[in-house]
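Enquirer: Sequence:
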Amino acid sequence: MDDKTLQYFAQDMSGKLTQAELEASEFKARYQTEREKVVHFEQVLESDQALKELFDEAASKMKEGN
Numbered sequence: 001m002d003d004k005t006l007q008y009f010a011q012d013m014s015g016k017l018t019q020a021e022l023e024a025s026e027f028k029a030r031y032q033t034e035r036e037k038v039v040h041f042e043q044v045l046e047s048d049q050a051l052k053e054l055f056d057e058a059a060s061k062m063k064e065g066n
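For the sequence shown, position 48 matches number 48 in my numbering, and the numbering has no gaps at all.
Simulated from the structure, these hints should not be mistaken for lab results. Predicted model, so just to flag it, every value in this text is computed and none were measured. Treat the hints loosely; a few may be bogus.
Said to hold, decoys possible - Restricting the straight-line Cα-Cα distance to at most 27 Å, the calculated cross-link-like pairs of lysine-lysine (DSS-like) are:
no., residue 1, residue 2
1, Lys63, Lys52
2, Lys63, Lys37
3, Lys61, Lys37
4, Lys16, Lys4
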């Protein structure tokens, strides 16, 4: 490859790598946000046995319906 071709190649690869890193960072941030919601939901259920039993009952009914 000549220098000009190599320069274009490096610029293109750099742009693709930057875009991939941005997408990965966004995915990681979205995952973390959703994971925090799930943990909070689980903590709420664990804090109240009656609520957890009601949830489990509803989940069971929903599963049977499918």
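Enquirer: Evaluate each hint against the coordinates.
Expert: Evaluated hints:
1. Lys63 / Lys52: holds (16 Å)
2. Lys63 / Lys37: holds (22 Å)
3. Lys61 / Lys37: Holds - the C-alpha atoms of Lys37 and Lys61 are around 24 Å apart, at most 27 Å.
4. Lys16 / Lys4: holds (18 Å)
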